[in-house]
Amino acid sequence: MKIADIVRITDGKLICGDDVGEKEISHAFSSDLLSDVLTINRVGILLITGVANLQTIRTAEMAEVACILISRNKKASKEMIELAKDNGLIIIESPGSMFGNSGKLYQHGLQPLY
Amino acid sequence: MKEMTYEFPIEGGDFIKAGHASSNVKKILNQLSLDPAIIRRIAVAMYEAEVNVVAHAYRGTMKVFISPAAIRVRVEDEGPGIPDIEKAMQEGYSTASDKVREMGFGAGMGLSNIKKNTDKLEIQSKINQGTVIEMITRIKSKGA
Chain A
1 MKIADIVRIT DGKLICGDDV GEKEISHAFS SDLLSDVLTI NRVGILLITG
51 VANLQTIRTA EMAEVACILI SRNKKASKEM IELAKDNGLI IIESPGSMFG
101 NSGKLYQHGL QPLY
Chain B
1 MKEMTYEFPI EGGDFIKAGH ASSNVKKILN QLSLDPAIIR RIAVAMYEAE
51 VNVVAHAYRG TMKVFISPAA IRVRVEDEGP GIPDIEKAMQ EGYSTASDKV
101 REMGFGAGMG LSNIKKNTDK LEIQSKINQG TVIEMITRIK SKGA
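Top line first, the protein sequences correspond to chains A and B. The opening residue of the first sequence carries number 1 in the numbering used here; numbering runs sequentially from there. The opening residue of the second sequence carries number 1 in the numbering used here; numbering runs sequentially from there.
Bound-form chain A, shown alone (with noise of 0.2 Å):
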């Protein structure tokens, strides 16, 4: 799937990653314990999460993450979106919960890690 598309399914707004449309993601990991996302054994997915902070973003460049959805209208604060771009890492934030836009996903073909 397309970020594009993600960003499109989830309502979702892309701030962070330039030129990243095309990008294609298969699969996704929905989580709020970071500590899960850190035994996935897949890189380059989408993490979609309710934990916005700077650790999230860490967390993701350690384990390689291609792209962070942070859902329920939290905001990644300046300093999330400064490490994210040193990191090469999407963000996108979407108003939905993280059920909902995992479920629209899931729906338009986006496959679960385990």
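What the hints contain is simulated information worked out from the structure, not anything from laboratory work. In this text, a Cβ means the ideal position worked out from N, Cα and C, and glycines have one as well. Any given hint could turn out to be false.
Stated by the list, open to error - Label pairs and their in silico Cβ distance ranges:
| no. | chain 1 | residue 1 | chain 2 | residue 2 | range |
| --- | --- | --- | --- | --- | --- |
| 1 | A | Tyr106 | B | Ile127 | 46 to 52 Å |
| 2 | B | Asn128 | A | Ile15 | 40 to 46 Å |
| 3 | B | Ile127 | A | Gly21 | 52 to 58 Å |
| 4 | A | Tyr106 | B | Lys63 | 41 to 47 Å |
| 5 | B | Gly12 | A | Ser26 | 37 to 43 Å |
Stated by the list, open to error - Only pairs whose alpha carbons sit at most 35 Å apart, straight line, appear in this in silico DSBU-like list of lysine-lysine:
| no. | chain 1 | residue 1 | chain 2 | residue 2 |
| --- | --- | --- | --- | --- |
| 6 | A | Lys104 | A | Lys85 |
| 7 | A | Lys74 | B | Lys27 |
| 8 | A | Lys23 | B | Lys27 |
| 9 | A | Lys78 | B | Lys27 |
| 10 | B | Lys99 | A | Lys74 |
| 11 | B | Lys116 | A | Lys2 |
We have chain A already, so just place chain B on it with the hints.
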């Protein structure tokens, strides 16, 4: 290749800077011709150890020794120490504060995840003094 060593400080309780040391080391490793999957394993293990220092200790250091055969990471802290290492290794066991849990950590998965992502893990701890974690990951260079 001579062994290269690096050292980074870790500040206890500082969740703004947490991950800084691991990020620096990851960037250094990215410049070497290593298997990206191995770099990711080391990065995850280092970051888990760094977050442990931030979450539980007063201060610490991350020392990294890079040789052609292996990457050795030694994380030392001044802190409360781990009373029962065997228990701390059990998945789900945690003494993390609410603040740490609110950040998305403290689920008792850190040490077992470090073990999973390294080839050798040694933990030494002294109550009211601190903890030393040493992890070794064997490396193969690309095409080797």
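- request: Go ahead and decide if the range 52 to 58 Å is satisfied by the Cβ distance of B/Ile127 to A/Gly21.
  value: 54 Å, holds
field: Agreement of A/Lys78 and B/Lys27 with the hint, judged by alpha carbon distance not exceeding 35 Å
entry: 22 Å, holds
message: If I claimed the Cβ atoms of A/Tyr106 and B/Lys63 lie 41 to 47 Å apart, would that claim hold in this structure?
response: Taking Cβ atoms as reference, A/Tyr106 and B/Lys63 lie about 44 Å apart, which means the hint holds.
message: Run the distance test for A/Lys104 versus A/Lys85: straight-line Cα separation, threshold 35 Å.
response: Measuring from Cα to Cα gives roughly 27 Å; hence the hint holds.
query: Within 35 Å, alpha carbon to alpha carbon, are A/Lys23 and B/Lys27?
result: Holds, at about 23 Å.
task: Just tell me: holds or violated, for the beta carbon distance of A/Tyr106 and B/Ile127 against 46 to 52 Å?
output: 48 Å, holds
query: That 40 to 46 Å hint for B/Asn128 and A/Ile15 (C-beta), does it hold up?
result: 44 Å, holds
query: Does the alpha-carbon distance linking B/Lys99 and A/Lys74 stay inside the 35 Å limit?
result: 19 Å, holds
37 to 43 Å as the expected CB spacing between A/Ser26 and B/Gly12, which holds or is violated: Given about 39 Å between the Cβ atoms, the range holds.
task: Below or equal to 35 Å on CA atoms is what counts here, so check B/Lys116 against A/Lys2.
output: The hint holds at about 32 Å.
query: Between A/Lys74 and B/Lys27, is the straight-line Cα distance small enough, at 35 Å or below?
result: 29 Å, holds
Violated hints for the displayed structure: none, as all numbered hints are satisfied.
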